[in-house]
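S.K.: Sequence:
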Amino acid sequence: MRDARSHILEVAERLFYAEGYRAVGVDRLIAEADVAKATFYRHFRTKDELLVAVLEARDARFRAWLAGRVEALAGDPRDRPLAVFDALAELFAADDFRGCAFLNTMVEVANRSHPAHEAAQRHKLRLIDYFERLLREAGVPAADALSPQLLLLIDGAIVTAVREGGPGAAARARSLAENLIATARPGRRRR
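Read in order, the letters of the sequence shown correspond to residues 1 to 191 in the numbering used here.
These are calculated hints, taken from the structure and not from any lab test.
Check before you lean on any hint, since a few could be wrong.
[Said to hold, decoys possible] Derived CB-CB ranges, DEER-like:
(1) Arg63 <-> Asp34: 26 to 34 Å
(2) Arg42 <-> Ala142: 45 to 53 Å
(3) Leu103 <-> Glu49: 40 to 48 Å
C-beta: ideal position from N, C-alpha, C; glycine also.
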């Protein structure tokens, strides 16, 4: 078996994503991870500390996955901002898709000063930075203003995908993003 800390993180992430943070108690985490209570508490003093660690690990994995998928889907940097939506469509089509773990956490832990809420917010800010870089590399002006708008489209698409149960929201959000990007490019007149 992998080290106990990694195993506990893996089990917690699976349960929190599938059932929600508040629905899963520490005793259940310990039982599902098949570790001693002392082992659990040696690695994580509190369930909140565990949730923050889960979010930080998921953030790193998700951003690496997204960057890899975007590059695989779009060889030309000019196509990469829209390829984000194509990558998300793949996630939305998965049978176990339950939305965004970070948005889910923000809803469950609504206190903005809670460490888990702050970790989820850091993830969203890192995505904005990533989108800004993609937009700059694509030659889109005002990338700093446009990147938060793309995140807004993505977050809305995620919620819609949960509501509808499929990938269609990603294509609709992609179309809106395409219009925003086209409007921002030089030579396009704003209406």
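S.K.: All hints, please: hold or fail.
M.R.: The hints, checked one at a time:
no. : hint                         : in the structure
1   : Arg63 <-> Asp34: 26 to 34 Å  : holds, 30 Å
2   : Arg42 <-> Ala142: 45 to 53 Å : holds, 49 Å
3   : Leu103 <-> Glu49: 40 to 48 Å : violated, 21 Å
Checked against the numbered hints above, the structure breaks only hint 3 and satisfies the rest.
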